[in-house]
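Given these sequences and hints, build the entire structure.
The opening residue of the sequence shown carries number 1 in the UniProt record's numbering; numbering runs sequentially from there.
Hints may contain errors.
In silico lysine to any residue, SDA-like type, Cα no more than 25 Å apart, as pairs [claimed, not checked]:
(1) K111 - A157
(2) K115 - D163
(3) K111 - W128
(4) K176 - A59
(5) K176 - T98
(6) K176 - L152
(7) K115 - A130
(8) K178 - A42
(9) K176 - R45
(10) K178 - G197
(11) K115 - P22
(12) K111 - S127
(13) K178 - F214
(14) K111 - Y89
(15) K176 - V41
(16) K115 - L156
(17) K178 - I37
(18) K176 - V28
(19) K115 - T98
(20) K111 - S151
(21) K178 - V56
(22) K178 - V248
(23) K111 - I167
(24) K115 - G60
(25) K176 - Q268
(26) K178 - Q267
(27) K178 - Y146
(28) K178 - L152
(29) K115 - L125
(30) K178 - G252
(31) K176 - K115
(32) K115 - A59
(33) K111 - R165
(34) K111 - V248
(35) K111 - G166
(36) K111 - A164
Per label pair, the in silico range of CB-to-CB distance [as the list claims (entries may be wrong)]:
(37) T211 - R172: 46 to 52 Å
(38) Y89 - P210: 52 to 58 Å
(39) A183 - L150: 25 to 31 Å
(40) E219 - P136: 30 to 36 Å
No wet-lab data here; the hints were simulated from the structure. No residue lacks a Cβ here, since even glycine has one placed at the ideal position from N, Cα and C.
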Amino acid sequence: MAVGAFSTPAAAHSGTTHAGTPHWLLFVLLIVGIGGIAGSVASARRGIVSFRAAAVILAGGVVSVAFSGIGLVELQVVGTTPPKLVDIYLPLSLVASTLLAVGGFATVRLKRPTKPLYAVLCVILGSWIAYPVVMPNQGYTNPLGYLLALSLPAVLAAIVWSDARGIIQSIRLQTKPKLFGIAAGLLMSVFFAFSGGTMSFNPDDGANVPTEAFVIPYEVASPLVVWPAVEWYFPSIPFTGYISVGTVLVMGVLGSLVGLNVAVVTQQWTNSGSVAGKKMLSGSLATSGATACCCCAPAFYGVLSVLFGTAATPIYWSS
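Structure follows, in structure tokens:
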């Protein structure tokens with residue numbers, strides 16, 4: 001990643017090497033990182049290594065996965081053929097939003113009738129999918145879009161505070177879980193920024209590309225509505241991107257959820273002195289994975305482009 005960040009970018013996504021960084025190297029780092037994460041947990045559980053050593057290996061694995069994932073997102077082979085079957089996008093969005101909203105609401109009311117906020121969350125998430133499809137002009141300036149966008153973190157905060165207030169307060173009093181949670185949340189936010197395309201160390205070459213650095217006010221119609229933003233470009237690095245109120249909102253939600261889960265796992269490891277409790281870890285780790293999956297599709301395509309090159313173009317348009 002460092003090589004890719006500080007070298008001259010090559011032609012726009014035309015092969016399997018960019019900025020002097022071969023794709024296979026990033027892929028190897030990704031596999032090594034995943035192996036380090038799994039191996040650290042398994043080794044500590046069996047008593048092969050100490051908890052402290054396992055924590056170091058785990059942290060190294062997480063960093064390796066994060067930065068190799070960013071590299072694969074940055075240096076993936078971009079599809080050159082236009083997307084097909086675009087006519088089915090609208091009905092698919094409506095079907096997905098309906099299934100999530102109605103199915104999620106019904107499931108929560110049947111299985112967890114004492115948790116109405118979870119049913120509300122399902123409806124909000126389904127509405128996020130349907131909103132651009134059903135609103136005129138995609139609802140870019142409609143006040144309902146702002147209300148919908150802000151309702152997501154509000155409901156999530158209410159759920160976390162209602163169900164995990166005691167855990168949050170206990171984490172706040174412990175240094176190690178708190179630091180691990182903050183670090184994981186920030187790393188997740190950075191990964192989202194690159195996988196979501198809001199930041200890049202590998203800007204595309206093209207006509208009329210600026211040759212001087214700039215930082216300017218901007219407006220971005222994502223997520224859901226138009227948000228004030230700041231755009232920048234530093235060709236000497238090269239580093240380009242933007243940050244808006246909306247992207248901060250989304251990154252804050254994802255980073256907070258992942259960070260909270262990592263803090264909980266760290267607290268459990270610290271307090272138990274081991275990682276023997278398999279059930280203790282499964283819920284938090286599964287939740288972290290589910291939280292992160294929304295921005296992993298570009299990284300998934302990055303892996304496929306390493307293995308299959310431009311043959312993976314249909315996955316590019318899907319992700």
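For each hint, the structure was consulted:
1. K111 - A157: Holds, because 22 Å separates the two Cα atoms, which is no more than 25 Å.
2. K115 - D163: holds (10 Å)
3. K111 - W128: Status holds; Cα separation ~24 Å.
4. K176 - A59: Cα-Cα ~13 Å, so holds.
5. K176 - T98: Given that 25 Å is the threshold and the Cα spacing comes to 42 Å, the pair is violated.
6. K176 - L152: Roughly 29 Å between the alpha carbons, so the hint for K176 and L152 is violated.
7. K115 - A130: holds (24 Å)
8. K178 - A42: holds (24 Å)
9. K176 - R45: holds (20 Å)
10. K178 - G197: Not satisfied, since the Cα-Cα distance of roughly 29 Å exceeds 25 Å.
11. K115 - P22: Not OK: K115 and P22 at ~49 Å, beyond 25 Å, violated.
12. K111 - S127: Holds: K111 and S127 sit about 22 Å apart, inside 25 Å.
13. K178 - F214: Cα-Cα ~36 Å, so violated.
14. K111 - Y89: The given pair, whose Cα atoms are some 31 Å apart, is violated under the 25 Å limit.
15. K176 - V41: holds (18 Å)
16. K115 - L156: holds (13 Å)
17. K178 - I37: Holds, at about 20 Å.
18. K176 - V28: violated (30 Å)
19. K115 - T98: It holds: about 20 Å lies between the C-alpha atoms, which stays within 25 Å.
20. K111 - S151: holds (24 Å)
21. K178 - V56: holds (16 Å)
22. K178 - V248: Holds: K178 and V248 sit about 21 Å apart, inside 25 Å.
23. K111 - I167: holds (24 Å)
24. K115 - G60: Given that 25 Å is the threshold and the Cα spacing comes to 38 Å, the pair is violated.
25. K176 - Q268: holds (11 Å)
26. K178 - Q267: Holds: K178 and Q267 sit about 9 Å apart, inside 25 Å.
27. K178 - Y146: Roughly 31 Å between the alpha carbons, so the hint for K178 and Y146 is violated.
28. K178 - L152: holds (24 Å)
29. K115 - L125: The given pair, whose Cα atoms are some 16 Å apart, holds under the 25 Å limit.
30. K178 - G252: holds (16 Å)
31. K176 - K115: violated (31 Å)
32. K115 - A59: Since the Cα atoms of K115 and A59 sit roughly 35 Å apart, the hinted pair is violated (cutoff 25 Å).
33. K111 - R165: holds (22 Å)
34. K111 - V248: This hinted pair is violated, its Cα atoms lying about 33 Å apart.
35. K111 - G166: At roughly 24 Å apart (the allowed maximum being 25 Å), G166 and K111 satisfy the hint.
36. K111 - A164: holds (20 Å)
37. T211 - R172: 46 to 52 Å: holds (48 Å)
38. Y89 - P210: 52 to 58 Å: violated (33 Å)
39. A183 - L150: 25 to 31 Å: holds (27 Å)
40. E219 - P136: 30 to 36 Å: Violated: the Cβ-Cβ distance is about 19 Å, outside 30 to 36 Å.
Consistency note: the structure conflicts with the earlier hints numbered 5, 6, 10, 11, 13, 14, 18, 24, 27, 31, 32, 34, 38 and 40.
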